[in-house]
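Peer 1: Start from the sequences and build out the full structure, keeping to the hints where you can.
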Amino acid sequence: MSSRLSGNEAVAYALKQINPDVMGAFPITPSTEIPEYFANYVANGEVNTEYVTVESEHSSMSVCIAAQAAGARSVSATSSCGLALMYELLYVAASCRLPITLACVNRALTGPININHDYSDSMGARDSGWIQLYAENNQEAYDNLLMAMPIGETPEVRLPVMSCMDGFITSHAVENMELLDTDIVRRFIGEYKPENYLLKRENPLAVGPYDISAYYMEHKVQEAEAMKAAKARILEVAAEFEKISGRRYGLLEEYRMEDAHLALVLIGSSAGTAKAVVDQLRENGVKAGLVKIRVFRPFPGEELARALAGTRAAAVMDKSEGFSANGGPLFAETRSALYDLKDRPYLINIVYGLGGRDVKTEDFVKVFGRLADIAATGDIGPVYTHMGQRSKEEIA
Amino acid sequence: MIRAKDINERTPWQDLTPGGEIYEAGTARAFNTGNWRTNTPVFHAEACKHCMLCIPFCPDSAIPVKDGKRLDFDYMHCKGCGICENVCPFPAITMVSGGVAP
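Heads up: the sequence lines are chains D and C, in that order.
Following the numbering used here, the numbering of the first sequence begins with 1 at its first residue and continues without gaps.
Following the numbering used here, the numbering of the second sequence begins with 397 at its first residue and continues without gaps.
It is possible that some hints are incorrect.
[Claimed, not checked] Straight-line distance between alpha carbons at most 30 Å, and here's what the computed DSS-like set of lysine-lysine pairs gives:
1. D:Lys231 / D:Lys220
2. D:Lys366 / D:Lys193
3. D:Lys200 / C:Lys475
4. D:Lys220 / D:Lys16
5. D:Lys228 / D:Lys243
6. C:Lys401 / D:Lys193
7. C:Lys462 / C:Lys475
8. D:Lys200 / D:Lys275
9. D:Lys220 / C:Lys462
None of these hints come from the bench; they were simulated from the model.
Peer 2: So, in structure tokens, the structure goes:
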């Protein structure tokens with residue numbers, strides 16, 4: 001069914017089709033509309049979700065943890081400082097192995113206070129043990145959310161899933177998109193059937209006990225192994241999803257990478273702008289390409305290394321500052337992934353788009369220009385730079 | 397289903413429950429937590445009137461009761477806090493220094 005929806009509408013509609021057992025609801029820009037639209041579905045009796053309004057995001061995630069442990073499928077939505085306030089609970093959800101689904105509408109973290117898009121919120125939570133999926137557009141935001149539960153709830157994975165989209169750019173812009181029939185969605189998602197849960201009458205269950213040094217490391221290894229297992233499961237679910245939707249997803253998307261000499265690596269809605277630039281450069285005979293990271297956790301290191309193996313120079317575009325003084329988080333992962341290649345491309349890192357700073361096609365044209373120079377001369381110049389800021393110096 | 401009695405500090409990660417879930421109640425009984433003790437209560441049976449005041453005051457349920465009479469301390473769980481000595485109206489409980497009853 002074709003429709004025209006904003007990203008937030010699409011995600012709220014996906015949640016309605018899923019009809020989860022519990023939603024922990026608390027508003028924060030730009031994700032507010034998700035619990036808002038969903039409240040309408042609840043009020044109209046279109047879902048039978050227990051809609052729990054709470055006093056903070058710390059509580060909304062606590063509600064989800066308790067409900068999921070009880071055996072209920074639980075969801076929430078948040079952004080920016082809301083995610084930051086959930087921080088403690090994100091680790092609890094993951095370490096208790098509770099496959100909660102969280103719609104994360106990415107927004108810059110304060111401060112300075114800012115409501116617009118970058119990835120500083122979810123990148124801060126990248127090591128919390130949550131699976132992280134990132135959408136380029138409204139269609140992907142809808143599709144990723146539908147795939148979250150079949151990925152996270154699989155017994156060998158049992159991890160919570162954060163389904164991310166770009167604040168305002170994706171969450172508020174209306175696009176044409178395809179929706180699936182609700183009965184097809186419900187068949188795809190299936191029933192939530194955990195082996196053990198608090199409300200199971202047959203046996204009592206304690207969740208999240210104190211873990212002394214003699215056990216903590218073993219449980220962390222379990223989590224790490226689950227995250228490794230998630231990679232195969234994400235691809236399995238994508239294959240099942242393709243059967244019902246006709247839309248194909250991987251851990252990453254390679255755009256015109258077959259013979260690319262110059263490449264960008266990035267996440268999210270910027271991919272649309274970058275694809276237009278790749279097409280334009282290809283018409284002029286430049287062998288340009290793009291790798292869009294869809295799954296950041298687990299990180300598709302081997303797949304990314306394979307995608308970039310044939311390139312001469314690549315730019316990793318980070319839409320969040322890690323303040324490592326050594327490049328952003330996507331750069332750190334990418335450079336690490338390339339280490340095992342025999343012949344590595346030159347690699348630079350450009351931090352851009354912070355706090356909603358716009359990125360245009362001409363910006364990516366400049367980046368490809370810089371990559372062409374690096375490929376031709378072998379002179380890499382400064383490895384880690386910023387793009388789009390007003391400056392007295394001119395770099396990229 | 398993995399039971400608490402089958403898990404110990406030599407169990408490999410593959411054989412532990414996911415996230416440390418515990419699938420039964422009352423597993424604290426199986427664990428020796430009495431070795432944290434630095435002071436130890438001593439029970440003098442001849443002075444005890446079995447008034448049962450010490451029982452509800454014990455934070456660790458470490459005073460067993462049988463047929464309306466209290467028995468000697470459960471030293472596997474007693475932490476030596478001394479509350480029982482404090483509430484005992486009779487000279488039936490005294491504290492000694494160290495983790496072991498004389």
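Peer 1: Work down the list of hints and note, for each, if the structure agrees.
Peer 2: Here is how each hint holds up against the structure:
1. D:Lys231 / D:Lys220: Holds, because 18 Å separates the two Cα atoms, which is no more than 30 Å.
2. D:Lys366 / D:Lys193: Violated, at roughly 51 Å.
3. D:Lys200 / C:Lys475: Distance ~34 Å between Lys200 of chain D and Lys475 of chain C Cα, so the pair is violated.
4. D:Lys220 / D:Lys16: violated (34 Å)
5. D:Lys228 / D:Lys243: holds (25 Å)
6. C:Lys401 / D:Lys193: holds (26 Å)
7. C:Lys462 / C:Lys475: Holds. Lys462 of chain C to Lys475 of chain C sits at ~21 Å (cutoff 30 Å).
8. D:Lys200 / D:Lys275: violated (50 Å)
9. D:Lys220 / C:Lys462: violated (43 Å)
Of the numbered hints listed earlier, those contradicted by the structure are 2, 3, 4, 8 and 9.
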